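J.: Residue strings, one per chain:
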Amino acid sequence: MPFIPHTQADIDSMLTAIGISDIEQLFDDIPNELRLKALEHVPPRMSEKDISQLLRRRAQQDGQPLGFLGAGAYEHHIPAAVWEIATRGEYYSAYTPYQAEASQGTLQLIYEYQSMMAGLTHMDVSNASLYEGASALAEAILMAIRANRKCQSKRILIPRTLHPAYRKVCQTIVKNQGIELHEIDYQRDTGTIDVASLQDIDGEFAALVIPQPNFFGAYEDVDALTDWAHQHNALAIAVVNPLSLAILSPPGAWGSQGADIACGEGQPLGIPLASGGPYFGFLCAKKSIVRQMPGRIVARTVDSDGKPGYTLTLQAREQHIRRSKATSNICTNQGLMVTAATIHLSLLGPNGLTQAASLCHHNSSQLKQKLCAIPQVTSRFGNAFFHEFVITLDQPVDQVLNELGEYGIIGGYNLSKDYPELPNSLLVCATETKTNQDLDSYAEKMASVLNRKSL
Amino acid sequence: MSNTPATLKYSRTHEWIDIIDENTARIGITDHAQDLLGDIVFVEAPDVGTTVAAKDACAVVESVKAASDIYSPLSGEIIEINDALEETPEHINQDAYGKGWIFCIRLNDTSELDSLLDADAYDEFANAEDH
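Those protein sequence lines, which keep their order, are chains A and B. Per numbering that gives the first Met the number 0, residue 0 is the first one in the first sequence, and the count goes up by one each step. Per numbering that gives the first Met the number 0, residue 0 is the first one in the second sequence, and the count goes up by one each step.
Think of the hints as simulated: they come from the structure by calculation, not from any bench. Because the structure is a prediction, the values reported are computed rather than measured. Glycine is no exception: its CB is placed at the ideal position from the N, C-alpha and C atoms. Please note that a few of the clues may not be correct.
Stated by the list, open to error - Heads up, incomplete: computed chain B residues facing chain A, CB under 7 Å, no partners named:
(1) D46
(2) A125
(3) A127
(4) E128
Unchecked claim - Cut-off 27 Å, straight-line C-alpha distance, at most; resulting in silico cross-link-like pairs (BS3-like, lysine-lysine):
(5) K324/A <-> K369/A
(6) K98/B <-> K64/B
(7) K444/A <-> K369/A
(8) K306/A <-> K54/B
(9) K64/B <-> K306/A
(10) K149/A <-> K286/A
(11) K98/B <-> K54/B
(12) K98/B <-> K286/A
(13) K324/A <-> K153/A
(14) K98/B <-> K306/A
(15) K285/A <-> K54/B
(16) K306/A <-> K369/A
(17) K54/B <-> K64/B
(18) K174/A <-> K153/A
(19) K64/B <-> K286/A
(20) K324/A <-> K149/A
(21) K416/A <-> K167/A
(22) K167/A <-> K369/A
(23) K153/A <-> K167/A
(24) K174/A <-> K285/A
(25) K98/B <-> K153/A
(26) K369/A <-> K153/A
(27) K369/A <-> K149/A
(28) K149/A <-> K54/B
Chain B extracted, bound-state conformation:
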């Protein structure tokens, strides 16, 4: 069973969202998502300073099986990316919620947070999608 920390928020496109403060969120892909993708070999992160809209594809995670777009769950500006993934993309497999984070975003519209799922709702969503 995948690990879904109750302290985080989730999107229906399998990203996790850690709300660091009222204007900033850190984003990665869920343990469930990394498990489906298999061994991750490359991450193409967005450029710092890029403005993204919610649901825009803004990064690519490439595994031995597939290349998958990562969608920004929220609108805002990319303020930091996880440079370490360039050398060690396997951090996403090993520690999806920790060292495997992908980017941080400064939020444009905090009301978008209301549309995110909590851990229970995400588990339910992911289970339903699997069956």
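Looking at chain A on its own, in the form it has when it is part of the complex:
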């Protein structure tokens, strides 16, 4: 739907209809002293030419670095057709439509998206998306507490191997709702949760959060963790990288009963890295708890003539019907990002997705070998990983990253701030976008930076 501004004639006729002469009169109730006369700190307007030049200069300052930083947001090849199609006028909207049934094309697209996500995660249902990965997990936690009727506890087990930003966002969203996030530690030699150590946790809890791959890129023992959660009357919440599901066991197949909720960040599915967003969150669940799901859900049905059609369904969960008892105040979705992801998934197909995921794993394995061949570098955790791994240097990471930056290389994520017990440790990612030459170049520059510092 295009943006159509009001003309002066439109405005005049609306003002006449409500019996006032000036738009300002609508704001008469706001006392004068509360009104902001001008926007301080906002510079004067610029012409289109000037702003284009300014932004081009700013973009050039960023350069075109070779990136090995993952930590929750990943650089992937996006076929040119994805955004060419997604930005067509027919698709270009961030919202689920207000007159939903009059927008069959948008609804069908969301339905296809839901079908793909449910297929990828092996879960029964998907919603129409949420804002991004971390808040999708917060919604999954709230959903688990509503859905777990075997347990009255409002405690959630959340491992330290989960993304630190996700833990902070969840804490912010749930802390004032009487929900306790109980952190569980990881094994220092593997960087994963020790299932046996969970036996020491006292008391009840509503759910266990299981990241796969975890923040260190490593594989948790998801089958044992899922079964352990179910044995303790808790739900299992999977936090997954959707691309990794092309080659890893999907949450719906974890353990003997499968995870109850699967959520995560949708960015790896066709969304570019762009200063942190916009991204989209996904949330899938077992059918038995669909009534506790947040967000919108599109369903396929038939109209009075028996023709297929699409509609919003299970709306009694939502705030326009359920008011204060709605499952969530989420009422829209990341429509445009979901459009891109749906097109991306349909262009890649199952084989393309598997190839991309395998190549990510291959490249990061190669890079790990090359980096660990440098004497000052050791592998921090010994076990298998998807497309990210942790190395330990013989010196502080920040300075090394700065010097790599001067070579136009973004070397990775410094873990020691979030994990003081991992000094000099760097989280490194290599996706399918990297060539052998890129990997060699990083390893060479790393060696020369470390050698210079060691002398």
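Please arrange chain B on chain A, whose structure you already have, making use of the hints.
T.: Then chain B, alone, in the frame of chain A:
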């Protein structure tokens, strides 16, 4: 005109109460209530063993138009729920006082029964609310 059996008691939140014996009551929603709600598509019943206080929301009835809380008219413990409603919630529309019952409660305080309405009083209340 809705059907309001004289043998039952009623609440102002549109539940009916069938006093089975001196300590036990069966509860559902009235014919008038199901008529206002329209086609019922889902019932979320309380768990057996839950303790509820009078006027607590303890179940949810979802129709094509709305999701509505069901309030327990009496205090006590939920001792039985109508499992059949999970598969056939339309029993509430078809047979509100029979197959459409929602839960049974063991009463804590039989004096609460005095505050319930009889059929005539409920009809009068429901009519007044409609106008």
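J.: Please go over all the hints and tell whether each is borne out by the structure.
T.: Verification of the supplied hints:
1. The criterion of a C-beta within 7 Å of any C-beta in chain A is met by D46/B, whose closest approach is roughly 6 Å, and the hint holds.
2. The beta carbon of A125/B is not positioned within 7 Å of any beta carbon in chain A (closest approach about 23 Å), and the interface hint is therefore violated.
3. Here the hint on A127/B is broken, as its CB sits about 25 Å from the closest CB of chain A, past 7 Å.
4. For E128/B, the shortest C-beta to C-beta distance to chain A is roughly 20 Å, which exceeds 7 Å, and the interface hint is violated.
5. For the given pair, K324/A sits about 55 Å from K369/A by alpha-carbon distance, which is inconsistent with the 27 Å threshold.
6. For the given pair, K98/B sits about 22 Å from K64/B by alpha-carbon distance, which is consistent with the 27 Å threshold.
7. For the hint linking K444/A to K369/A, the alpha-carbon distance of about 12 Å falls within 27 Å, and the restraint holds.
8. The suggested pairing of K306/A with K54/B is violated, with an alpha-carbon distance near 45 Å, which exceeds 27 Å.
9. Among the hinted pairs, K64/B with K306/A is consistent with the structure: their alpha-carbon atoms are about 23 Å apart, no more than 27 Å.
10. Pair hint K149/A plus K286/A holds up; C-alpha atoms about 17 Å apart against a cutoff of 27 Å.
11. Only pairs whose Cα atoms come within 27 Å are accepted, and K98/B paired with K54/B is accepted, the gap being roughly 23 Å.
12. Taking the CA atoms of K98/B and K286/A, the gap is near 26 Å; set against the 27 Å cutoff, the hint holds.
13. Taking the CA atoms of K324/A and K153/A, the gap is near 17 Å; set against the 27 Å cutoff, the hint holds.
14. Distance check on the hinted pair: K98/B and K306/A sit about 35 Å apart at the alpha-carbon level, beyond 27 Å; violated.
15. Among the hinted pairs, K285/A with K54/B is inconsistent with the structure: their alpha-carbon atoms are about 32 Å apart, more than 27 Å.
16. Simply put, K306/A and K369/A have alpha-carbon atoms about 59 Å apart, too far for the 27 Å limit, and the pair is violated.
17. Simply put, K54/B and K64/B have alpha-carbon atoms about 23 Å apart, close enough for the 27 Å limit, and the pair holds.
18. For the suggested pair K174/A and K153/A, the alpha carbons sit about 11 Å apart, so the restraint of at most 27 Å is met.
19. Only pairs whose Cα atoms come within 27 Å are accepted, and K64/B paired with K286/A is accepted, the gap being roughly 22 Å.
20. Annotation: proposed proximity of K324/A to K149/A holds, straight-line Cα distance about 20 Å (limit 27 Å).
21. Taking the CA atoms of K416/A and K167/A, the gap is about 14 Å. The hint holds against a cut of 27 Å.
22. A C-alpha spacing of about 34 Å is found between K167/A and K369/A, which places the hinted pair above 27 Å, so the restraint is violated.
23. Between the alpha carbons of K153/A and K167/A the distance comes to roughly 18 Å, so the proposed pair stays at or under 27 Å and holds.
24. Using a Cα cut-off of 27 Å, the hinted pair K174/A and K285/A holds, with the two alpha carbons roughly 26 Å apart.
25. Taking the CA atoms of K98/B and K153/A, the gap is near 35 Å; set against the 27 Å cutoff, the hint is violated.
26. At roughly 46 Å between alpha-carbon atoms, K369/A and K153/A are farther apart than 27 Å, so this suggested pair is violated.
27. For the hint pairing K369/A with K149/A, the CA-to-CA distance comes to about 50 Å; that exceeds 27 Å, so the pair is violated.
28. For the given pair, K149/A sits about 24 Å from K54/B by alpha-carbon distance, which is consistent with the 27 Å threshold.
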